[in-house]
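K.L.:
Can you build the whole structure from these sequences, using the hints too?
Position one of the sequence shown corresponds to residue 1 (full-length UniProt numbering), numbered consecutively onward.
Nothing false has been slipped in among the hints.
Derived DSSO-like pairs (lysine-lysine); straight-line CA-CA distance at most 30 Å:
| id | residue 1 | residue 2 |
| --- | --- | --- |
| 1 | Lys72 | Lys169 |
| 2 | Lys157 | Lys72 |
| 3 | Lys157 | Lys169 |
| 4 | Lys119 | Lys130 |
| 5 | Lys119 | Lys13 |
| 6 | Lys23 | Lys119 |
| 7 | Lys13 | Lys23 |
These are calculated hints, taken from the structure and not from any lab test.
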Amino acid sequence: LADLGFSSAAIPKLLYNLATQTKAISYIGCLTQMYFFVSFAATDNFLLASMAYDRYVAIFYPLHYARFISFKCCLLLAAGSWLLAHSHALLYILLVSNFTFCTSREIPHFFCDVHPLLKITCSDTSIVDKLLVSEGTAIVLGPLLLILFSYVFIVLKVVKLPSKAKKYKAFSTCSAHFTTMALFYGTAIGTYLRPSSSYSGLRLRVASIFYTVVTP
1 LADLGFSSAA IPKLLYNLAT QTKAISYIGC LTQMYFFVSF AATDNFLLAS MAYDRYVAIF
61 YPLHYARFIS FKCCLLLAAG SWLLAHSHAL LYILLVSNFT FCTSREIPHF FCDVHPLLKI
121 TCSDTSIVDK LLVSEGTAIV LGPLLLILFS YVFIVLKVVK LPSKAKKYKA FSTCSAHFTT
181 MALFYGTAIG TYLRPSSSYS GLRLRVASIF YTVVTP
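P.N.:
Rendered as structure tokens:
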């Protein structure tokens, strides 16, 4: 559901613009698109960390998996991911809604995102820039570090398994999650964890295609 919402926040409007040869979006539509895009992206981020915990338990405690990954645990992880993600998106909307846009209102991107909007505002964005980088770093690197630590322990555990078949089964259990994680975080870190003044429009659009289309 999060992956579907992640792609649906930007791609349908893009396809509509291409089909009708229009490149316009209303102010409210722009904020709405950005809210859902950021909230679904952040939800994906937290769910990937939850999935890493799931893989960790499956490898280390296979006989106690049902006890550690109970329905209540899954519900709490999902609810916590959604709550944190929507709080993160709301912060972005509150910041952007205070911007003043002057003569140029052409967004250098194919959907509404915070950094392209920072490029066209005539408001002072120095404080907002620092806040977004620091808050974005915590939001992205926190779950990423949890994932990496879990995979370090998983690899150390798997290499000690005596059977090649068991090693293959263990690594295959994690391969899809690891590939998704690498694509998602590789593009997200390169895109968001730096000041908006250093952004290249073309580079941002190429990276966005990976995390809005390829990763989901």
